[in-house]
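All chains, full assembly: derive it from the sequences and hints.
In terms of the UniProt record's numbering, the numbers along the sequence shown are unbroken and rise by one, the last being 133.
Hint data in this document are derived by calculation from the structure and do not stem from the laboratory.
One or more hints might be untrue.
To be verified - Quick list of simulated restraints, FRET-style, between CB atoms:
#, residue 1, residue 2, range
1, 55, 82, 31 to 37 Å
2, 53, 122, 19 to 25 Å
3, 21, 122, 40 to 46 Å
4, 94, 22, 34 to 40 Å
5, 106, 22, 24 to 30 Å
6, 113, 19, 30 to 36 Å
7, 122, 83, 18 to 24 Å
8, 120, 36, 26 to 32 Å
What the hints assert, rightly or not - Derived DSSO-like pairs (lysine-lysine); straight-line CA-CA distance at most 27 Å:
#, residue 1, residue 2
9, 28, 95
10, 122, 28
11, 109, 122
12, 28, 109
13, 95, 24
Since this is a predicted model, take the numbers as computed values, not measurements.
Note that beta-carbon positions come from the ideal geometry of N, C-alpha and C, so glycine has one too.
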Amino acid sequence: MAVTKEQYPEFMKMAAIVHLPTGKVLAKGHNQRVQLNSNIRHGEMDALENLGRVNEGVFRECAMFTTLSPCIMFPLVVLAENENFVGGEDLLRSKGVEVVNLQNPEITKMMSDWIAGPVGQKVWNEDIGEVTA
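Listed below in structure tokens is the structure:
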């Protein structure tokens, strides 16, 4: 499946669960680790939490759109960029998940600028498991 940033630009600063047959956005989320003092409320988890329970089989017809590398949950994952962080794309592919990287320069810069910012570095390192000097 070919997906371009022009098709779904509004999803790339958050996570969104999209029902592929209809194109309907079922839920949106964003990283709330700091806001909720949570270790798991990354954008994907927040979108899943916001979605609530769904009928069985619905996820087989959905895709997760996310800013960075996500967890294994859907048959298709679209990420805006992976220059700032490479996560589990190879693992996803090895499990049969289609991974589309839009290599969006605006998001790459947005993330890079945030990571370099006064709060971003510490929070980013918490996200990726690095230690702040």
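To test your reading of the hints: which numbers does this structure violate? 2, 4, 8
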